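Peer 1: If you read the protein sequences in the order shown, they are chains A and B. The letter at position 523 of the first sequence is residue 523 when you use my numbering, and the numbering goes up by one with no holes. The letter at position 58 of the second sequence is residue 58 when you use my numbering, and the numbering goes up by one with no holes.
Any given hint might turn out to be false.
Said to hold, decoys possible - Computed cross-link-like contacts, BS3-like style, restricted to lysine-lysine with a CA-CA straight-line distance of at most 27 Å:
#1 Lys199(A) - Lys259(A)
#2 Lys622(A) - Lys4(B)
#3 Lys78(B) - Lys622(A)
#4 Lys844(A) - Lys816(A)
#5 Lys8(A) - Lys78(B)
#6 Lys816(A) - Lys751(A)
I should point out that these hints are in silico values taken from the structure, not numbers from a laboratory. Note that the structure is predicted; figures quoted are calculated from it, not measured.
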Amino acid sequence: MAGISLIKLAFNSLVFYRRAHISVIIGTAISVMIITGTLMVGDSVESSLEESVHLRLGNTSWVLSGNDRYFQTDLAGSVRRDLDVSVCPLLQIAGIASSGGGALRVNAVNVNGITDEFKNIIPVGKDFPLPLENEAFISENLADRLALVPGDFFLLRIDKISMVPKNAPFVSDEDNQVSLRLKVGMVLGEQDLGRFNLKASQTAPYNVFVPLSFLHQKMEMESKINFLLFTEEPGIEANDLMLASEKNWTLRDMSLQIKPYDQGSRVELRSGRVFIEPAVAGAVEKVDPDAEKILTYFVNSFSFGSHLTPYSFISAGPFRYEDQAPSPGEMFVNTWLAEDLGARPGDSLRLEYYVIGPLRNLVEKSAWFRIKAIVPMNGDFADRELMPDIPGLTNAGNCSEWQTGIPVDLQKIRDKDEDYWDEWRGTPKAFISYADGKALWENRFGSATMIRFSEDADPGRQLTEILGPQDFGISISAVKEQGLEAARGGVDFSQLFMGLSFFLLAGGLTLLALLYNLHLEKRMGEAGTLRALGYTDLAVGKILVYEGFMIAVPGILIGGLLAVLYNKLVFIGLNSVWSEIVRTSVLQEKIRLSTLLTGMAVGLLITWLTIFLNIYSKLRSKPASLQRGIPDSRRYGVSGWFSAGAWIALAAVSVLLGTQILSGGSLRPAVFFTAGGLLLVSFLFFSVVILRKHRKMGSGKISLTALALDNLHRKPSRSIRIVLLFAIGTFVIVSTGLNQKDLYSGSTDKKSGTGGFLFYGETTLPVLSGLNMESSRLSYGFESQLEFVQMRKKEGDDASCLNLNRITQPRILGFKAEEFVGRFTFIKLSDDLDEDEPWTSLQKILPGNVIPAVADQTVIQWGLGLKVGDTLTYLDEHGETMKIKLVGGLANSIFQGNVLIDESHFLNHFPSSSGTHVMLVDGNFQEAGKVASELERGFRNHGLELTLAAERLAGFNEVENTYLSIFLLLGGLGMILGTVGLGISLARNMFDRRQELGLLKAIGFPDRTILSLITWEHLILLVAGTAIGAVSAFIAILPSLLSAFVDASWQTAMVILLIILVNGLIWILLVTRHYLKKKLIASLRAE
Amino acid sequence: MLLKLENVHKSFFTGNPQKKRVVLDGIDLELVQGETVAILGPSGSGKSTLLNIIGALDRQDSGEIFFNGRSMAELNEKQLTQFRNREIGFIFQLHHLLPQCTVLENVLLPAVPVRDPGYRAECLNRAYDLIREVGLWEQRDQHPNVLSGGESQRVAVIRALINRPGLLLADEPTGSLDQKNVLSILSLLLKLNDEYNASLIVVTHSMEIASRMGRIYELRNGKFLNTR
């Protein structure tokens, strides 16, 4: 039909009401901008994190990780030959780099010993030569920190790696480090593996690359590595790599050695770790059930009466003399010792020895043995090989050169002792049964120093068939796949910024709804006419919906462009003022067409839905009502529902708060936040009821206030929307503004996140001894009275808010749980944790051999995506699965990113753990500067990174505060939209009422009176909305307001509220004054 | 019998839910095809309400309305809409032209819900005829904002006729017009009534208009008085 159809009608309206539609376009554009923009931010962060995985791993797809163990470099060649794959051996250790004569220093440097095969890891097209001897390639960030350019020299201090656990009995902690003077050969950018990192983190580590052989040479060690890197190969799976590694696994990879003895007729097994590990001992039992274990130990003295023989070895094993073996409590002594002590068979000797606890905690003990026989120094009794290979002892030229790891009083060593050492070295002077020896000296490293096989049936081959890498906690992981998964599953910035922009979105949509509603009100008569002319409500609805759709299109296009801008602005923020929450420079904007289209489609849908709901609510009236522009009276029935809803919400608030008060426990933030939210809903529903009820009854009074009140409910939906905008806006702003953490408040409190500790320190190289021991105080030169809590670490990924990746294996810290009693605050406890003694509960073991653990609640929830009660799984040093159950959640603490377990469990599963890397220092806060100097001086060679505990906590809180600031900023923008809504609504009211106002003027009302009438009307709405939001917000954040650790002040709250009110008032006055200047009386003539 | 009202009642809620204001209190009315009726009464007497109920823009509380012998109560919402479209032509005091549509488009508005293309073509021809007939041919492509009050009302009148309804309902059709235009519109209505044989019910305050109708009813206190 010529010229007319529903679409044509819609199009006509679109053109005719184009000015009115600008507001709808703005609302749509804002919605699309936020939805699409947040999706883009999420895309960009995810894609940046994925990119960072490629940057940090290069071509590495799988890694065979030693997990604190070292194995032979040859394994790489064997696997390569077997599978014809690219295998890159890597030795990665921690180091401390310095330049400028020590003025510039970087701790926790990754020192990577690489070979030619590392070229396979370097991304294609980025080929570069490998460093030469005495040369190092360093990462860009390290070059920046140390102010180095190629050709400069710097010092690198590293811990000499050793097969012997550093805290094993009698192993010296001296001469453990080596310093290298290296020339910078090349500075590696991020594209050149400068960010090389096997851990899932977007933060770049400090890297140093040196030739592997050079590293071995400088550390005076055989060819050991702790990683094999594999590249992606067609048809090769992780399982193939593991099988090949198992097949080529040798005794040397296990630091084991088989030597002939007994004129070569039999063989014996020795370990480079001094003690033979339980896993190996177990395998030996399977290979040869008759194999004999021998445990040789270093004792402080043998004494008989007034005679004393110092520092000797004693062996426990299947020793026989004249067909007799020592029974329990009996011993054989060699002739030298018998003579030295003047002892005879039947005499009882006292022997004194050290039992070495964790952190070289020495306890001197003694035992008595009766001499069963005096044995000649030949055969087994003259076997100097019985003494295990202990670095610092085995190779000592004389007794004064001993480095034993225990205090040796050289004064006690006599010439005859030196002579014995010269002639017999460490040949044991006494022999006891293995059972006695085991009972006295079994420790976490093992219960034998040697195992003798009953026959030479190639036990080495049999052992390698039984034992594989996995028995020592060595495993293969698909690092690239896991890294990409961690990147994809990490912090969802789409969701995050959607949440942060929620009020802006809500503000945009409410504004859209408000403006569209105003527009629709104007068009209701038209709808009524069409209905009167025989249009169904569906047909009228279609016209409006088509029109809405057509209006939305430019809004969507503009919104799409604004989304790009939003994404850009967010990234400018993330790379500058908000950098606290990402801590990386790798974030790059990424615009995917599919995301853009999805965001625009969702924006379109939401806009369309908003328009549709408005149209639907309007068109439900009868045609006659529509024409009059007055909704049907039946619609007021909904007030009953609102009233019921308001009372139900209020009842729920009462129940929640009542339960909390009656329970008498600590204030639970979740309960209060829910109560606050419900209170907001309840108040808003009540305001709906009041505004509508008032309209039905009429005020019945004639006064300025009564007129103002009457006017409020002339258009109740307009009034309600303004109250809604201000209530939600105030709620968001007050609750976030007042919830900001005070970065330093209460930091000396033991219940705070610092635990009351003065300093938090991490050393690059382990601290092997207990720092509270007097000997340590002296050796480290501490003058201040300091108390330490030391923590062991099992390397893992950082699960703190500083890591954007989704972490599955966070770092574990092991500590003595009793040292934390009365410190820190738990905010979530499971039934496995005793509420009164939560820390000591960590010492128990849970059913199923599960270890209880605690972590920061934020780590559990956000970093790990878990909840209290969930379990984490690790592979322990024995290659067994270790289950850790999160039994409690801590309030924000300095341990963010870590999982804490008791030291006893830690050592059970990681017995080789050498020393501690984390220390908490209790000291006088007034002397922080002096203490810091002492600590930094004392631990200079350990690479101590010392932070005030309060500062560390503040760093984490700052991240949270940054999130809150973003929320506040975007919430503030939302409030601006709310204010714009108020202004437009007010302008529209004034326009609608121009005749009424003209009449008031005509009958003699002065402008001032009219101004106060209009101001009062809107001020009531403004104050009501603000008050509803503020009261609800105060309830929601009451626990924070009462907390000493939150930077909340009533003054701040009042200032925020005042700004909201004054801002609203200014708009009211501006718009009203503008309208009062118009010729209102003229509008009467128009009537 | 085109239209028959039997004992029609209607009341409205006031601000107080306990009280209702009775607007129509047992109205009876009969109308045959081509007949013209005027309904007089003071403001608020319920004239427009009665017209809205007859035109199915509103529903009575009780009583029966028959159109061409069929009870309106039998019709569902969709049928009522169709009824309004095909059987009723509305003319309001304010012309209620859509400002976004041209004169021709406004006239054709009632034809849009009819899906039959043949019918629509017929309507287009009729619209041209009617526009010519009321002297608005030159303005057919103009928007209502350039028309005078009288011209706008003439458009509203021919819009009411485009579907050739059996009954025209005019709610104070000249209420907002000057004397010259009142006469012009009245003449037009009667002419069209004659030409199209459509019955006409006019609600008016004007005795002058009422006197030109076949019958006059006066509505007071919800009832018809002094019918002529």
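Peer 1: Hint by hint, note whether the structure agrees.
Peer 2: The hints, checked one at a time:
1. Restraint check for Lys199(A) and Lys259(A): the C-alpha separation of about 40 Å exceeds 27 Å, so the hint is violated.
2. Distance check on the hinted pair: Lys622(A) and Lys4(B) sit about 23 Å apart at the alpha-carbon level, within 27 Å; holds.
3. The straight-line distance between the Cα atoms of Lys78(B) and Lys622(A) is roughly 13 Å, inside the 27 Å bound, and the hint therefore holds.
4. With a C-alpha separation of about 12 Å, the suggested pair Lys844(A) and Lys816(A) falls inside the 27 Å cut-off, and the hint holds.
5. Annotation: proposed proximity of Lys8(A) to Lys78(B) holds, straight-line Cα distance about 23 Å (limit 27 Å).
6. Our distance criterion of 27 Å between C-alpha atoms is met by Lys816(A) and Lys751(A), whose separation comes to about 18 Å.
Hint compliance for this structure: hint 1 is the single one not met.
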